[in-house]
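Line by line, the protein sequences give chains A and B.
For reference, each letter of the first sequence is one residue, going 1 to 302 in the working numbering.
For reference, each letter of the second sequence is one residue, going 1001 to 1252 in the working numbering.
Be careful, since some hints might not be right.
[What the hints assert, rightly or not] Computed list of lysine-lysine pairs in DSS-like fashion (alpha-carbon distance at most 30 Å, straight line):
(1) A:Lys76 x B:Lys1104
(2) A:Lys205 x B:Lys1024
(3) B:Lys1079 x A:Lys277
(4) B:Lys1002 x A:Lys205
(5) B:Lys1232 x A:Lys14
(6) B:Lys1240 x A:Lys114
(7) A:Lys14 x B:Lys1200
(8) A:Lys280 x B:Lys1047
(9) B:Lys1024 x A:Lys280
(10) A:Lys205 x B:Lys1003
(11) B:Lys1079 x A:Lys76
(12) A:Lys76 x B:Lys1240
(13) A:Lys205 x B:Lys1240
(14) B:Lys1179 x B:Lys1240
(15) A:Lys205 x B:Lys1012
(16) B:Lys1003 x A:Lys280
(17) B:Lys1104 x B:Lys1200
(18) A:Lys205 x B:Lys1073
(19) B:Lys1232 x A:Lys277
(20) A:Lys280 x B:Lys1002
(21) B:Lys1200 x A:Lys277
(22) A:Lys205 x B:Lys1232
(23) B:Lys1003 x A:Lys76
(24) A:Lys277 x B:Lys1196
(25) A:Lys76 x B:Lys1073
(26) B:Lys1002 x A:Lys277
(27) A:Lys277 x B:Lys1104
[Claimed, not checked] Label pairs and their calculated CB-CB ranges:
(28) B:Lys1200 x A:Lys205: 43 to 51 Å
(29) B:Asn1090 x A:Glu284: 15 to 23 Å
(30) B:Arg1249 x A:Glu175: 19 to 27 Å
(31) A:Thr203 x B:Gly1164: 48 to 56 Å
(32) B:Pro1193 x A:His51: 54 to 62 Å
(33) B:Ser1026 x A:Glu53: 37 to 45 Å
(34) A:Glu296 x B:Gln1008: 21 to 29 Å
(35) B:Gly1086 x A:Thr249: 50 to 58 Å
(36) B:Trp1178 x A:Pro56: 31 to 39 Å
(37) A:Ser145 x B:Gly1044: 19 to 27 Å
(38) A:Arg288 x B:Leu1251: 51 to 59 Å
(39) B:Gly1044 x A:Pro56: 29 to 37 Å
(40) B:Gly1164 x A:Ala273: 25 to 33 Å
Simulated from the structure, these hints should not be mistaken for lab results.
This structure is a prediction, so every number in the text was calculated from the model and none was measured.
Positions of the beta carbon are idealized from the N, C-alpha and C atoms, including for glycine.
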Amino acid sequence: MVKTEIRLKGLTLKNPVMTASGTFGYGEEYADFVDLSELGGIIVKGTTLHHREGNPYPRMAETPMGMLNCVGLQNKGVDYFIETIYPRIRHFDTNVLVNVSGSNIDDYVTAAAKIDALEDIPAIELNVSCPNVKQGGMAFGVTCSGIEQVVKAVREVYHKHLMVKLSPNVTNIAEIALAAEAAGADSVSLINTLLGMAIDAETRKPVLSMVTGGLSGACVKPVALRMVWQVAKAVKIPVIGLGGISSATDAIEFLLAGASAIQIGTANFIDPAISAKVVKGIVEYCERQGVDDIHELIGGLR
Amino acid sequence: MKKIIDFQIIEKQSFPRAALLRLKASTPLPECRGGQFVNVRVDGCDKAYLRRPISIHDVDYQNNTIDLLIQEKHEGTQKLCASPVGAALNVVMPLGNGFTLPDKDDNVLLVGGGIGIAPLLYFAKQCNYLQNINFLLGGRTQSDLMLLDHFRNEGEVFITTNDGSMGEEGFVTEHSLWKTMKINKIYACGPMPMMKAVAKMARERHIWCEVSLENQMACGIGACLCCVENTKEGNLCVCKEGPVFNIERLLW
Chain A
1 MVKTEIRLKG
11 LTLKNPVMTA
21 SGTFGYGEEY
31 ADFVDLSELG
41 GIIVKGTTLH
51 HREGNPYPRM
61 AETPMGMLNC
71 VGLQNKGVDY
81 FIETIYPRIR
91 HFDTNVLVNV
101 SGSNIDDYVT
111 AAAKIDALED
121 IPAIELNVSC
131 PNVKQGGMAF
141 GVTCSGIEQV
151 VKAVREVYHK
161 HLMVKLSPNV
171 TNIAEIALAA
181 EAAGADSVSL
191 INTLLGMAID
201 AETRKPVLSM
211 VTGGLSGACV
221 KPVALRMVWQ
231 VAKAVKIPVI
241 GLGGISSATD
251 AIEFLLAGAS
261 AIQIGTANFI
271 DPAISAKVVK
281 GIVEYCERQG
291 VDDIHELIGG
301 LR
Chain B
1001 MKKIIDFQII
1011 EKQSFPRAAL
1021 LRLKASTPLP
1031 ECRGGQFVNV
1041 RVDGCDKAYL
1051 RRPISIHDVD
1061 YQNNTIDLLI
1071 QEKHEGTQKL
1081 CASPVGAALN
1091 VVMPLGNGFT
1101 LPDKDDNVLL
1111 VGGGIGIAPL
1121 LYFAKQCNYL
1131 QNINFLLGGR
1141 TQSDLMLLDH
1151 FRNEGEVFIT
1161 TNDGSMGEEG
1171 FVTEHSLWKT
1181 MKINKIYACG
1191 PMPMMKAVAK
1201 MARERHIWCE
1211 VSLENQMACG
1221 IGACLCCVEN
1231 TKEGNLCVCK
1241 EGPVFNIERL
1251 LW
């Protein structure tokens, strides 16, 4: 038996595989395809203090081996989540994490405090890296002082595991990660989407309603892997790797680069059952390679 | 329940810029409703990273097959249309909500434009308890109107083409049947301008009307929120809340 359990501060994952926010709904959407209890955790949609309609359609452009989106954090707000969605999903036999976003620090703090009170949510993922909102979002995540401010403020009201999701749209992601760590983050997850753009040459117009959008999918994996490796060397807190992971092999590469756990995002769209397959594939890899405990892989790059 | 099913193409009929694929499943088919769709993975095409949403054209539960009528639009659908008999296709199905079944004494008109005719055949089969079913099918030209014999097996077929090469010349909304036919329910699928014109007509005449939208999708199951339509209830996922909407829910 391969030991797959990963213990983070206040958050125990039965295995290192989670699903990324915005790609897995509230888990319910995937329950026909995946036994959610086989996953280390699911991170539900970006949740803000107030209801957000998101950006206008069109919100998506397909790219070679990937896609751009500018959804813009459409969600019904944290109170709706607590009253309507949380009761349905709180007893899933896996960790349910909430991705929290905001347009100013007070919004982040208020939303995080409300989720702190939810017994069955062991952690939040603080989204300081959404590229698709006009205010807040990525603005906090691209400077050390911005990330420090928001993480410090949320840390004061949030007492469980605080994961901070980092933007790749920065010059030196290790510095940003160190700032998050210094401000009290328990872990960092990376990468959020890469800012990109698509143009329709026939109409000479942008494809996306917001002109720019976040790039995700297999095409971003090499960038994500490099950033995870850089950050894992720099910080002492655990790193959660994501960005283009589409197979168990991809997941193992992130563990070797220094990630303590991983998230599967856009690949859920292509194979809705991929998350459970990655769990199985990691175990098979360990058995084949004679790895008894998954911890042997973390940062195990030779 | 939604399933991921491995199919094999067992029959294929090619048309100009379209193909009819008959797919045989390796496992029993889930129950499907007319107007629902499937999400087909495109293998070996680096420009089609995401699955392609395709209407269910027909289902045969006894033989465990589904029919997909696919129009070549971009690389992904070109690749699917070029797939040979014997090729494997991985499909997530059934997705979305189908058309609402009519009441026994309803006078229904099924309006299809271009490839939008695809979901109307299976839906018509599910309406086989009606006294009669009328189809109004429109295309730019004669070759856009495929598989008419299939539709004629299920009901009466009225046709318009923009160039007059078949049926009456003009758009579906210009067909003479609108002057004479008694209709109390319209089901429409086709290009956006056509559906908007049909919806306008339905509103003016106070006729109940459902349309099937095809906003661009990524996940197909209501997770990514990319395919939203701005409705009276705000932004709704076409893949999960639709693709079929009563026009009263829409802003057009």
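Holds or violated: are the alpha carbons of lysine 1232 of chain B and lysine 277 of chain A at most 30 Å from each other? Violated. Lysine 1232 of chain B to lysine 277 of chain A sits at ~40 Å, over the 30 Å cutoff.
Cβ-Cβ distance between serine 1026 of chain B and glutamate 53 of chain A: within 37 to 45 Å? holds, 42 Å
Given the hinted pair lysine 205 of chain A and lysine 1073 of chain B, is their alpha-carbon gap at most 30 Å? Measuring from Cα to Cα gives roughly 19 Å; hence the hint holds.
Does the hinted range 15 to 23 Å hold for asparagine 1090 of chain B and glutamate 284 of chain A at CB? Holds, since asparagine 1090 of chain B and glutamate 284 of chain A (Cβ atoms, about 21 Å apart) stay within the stated range.
Checking one constraint from the list: CA of lysine 1079 of chain B to CA of lysine 277 of chain A, max 30 Å. Satisfied? Distance ~27 Å between lysine 1079 of chain B and lysine 277 of chain A Cα, so the pair holds.
Take a quick look at whether lysine 76 of chain A and lysine 1240 of chain B sit within 30 Å of each other, Cα to Cα. Roughly 17 Å separates the two Cα atoms, so the pair holds.
Is the Cα-Cα distance between lysine 277 of chain A and lysine 1196 of chain B 30 Å or less? violated, 43 Å
Are the Cα positions of lysine 1002 of chain B and lysine 205 of chain A separated by 30 Å at most? Violated, because 37 Å separates the two Cα atoms, which is more than 30 Å.
Against the 30 Å threshold, does the CA-CA distance of lysine 1104 of chain B and lysine 1200 of chain B hold or violate the hint? holds, 25 Å
Lysine 1179 of chain B and lysine 1240 of chain B: Cα distance at most 30 Å? Violated: lysine 1179 of chain B and lysine 1240 of chain B sit about 36 Å apart, past 30 Å.
Can the restraint linking lysine 1079 of chain B and lysine 76 of chain A be considered satisfied, given a maximum Cα separation of 30 Å? Judged against 30 Å, a Cα distance of about 39 Å means the pair is violated.
With respect to the beta-carbon atoms only, verify the hint that proline 1193 of chain B and histidine 51 of chain A lie 54 to 62 Å apart. The hint (54 to 62 Å, Cβ to Cβ) is violated, given that proline 1193 of chain B and histidine 51 of chain A are roughly 32 Å apart.
This entry does not satisfy hints 1, 2, 4, 5, 7, 10, 11, 14, 15, 19, 21, 24, 25, 27, 28, 30, 31, 32, 34, 35, 37, 40, going by the numbered hints stated previously.
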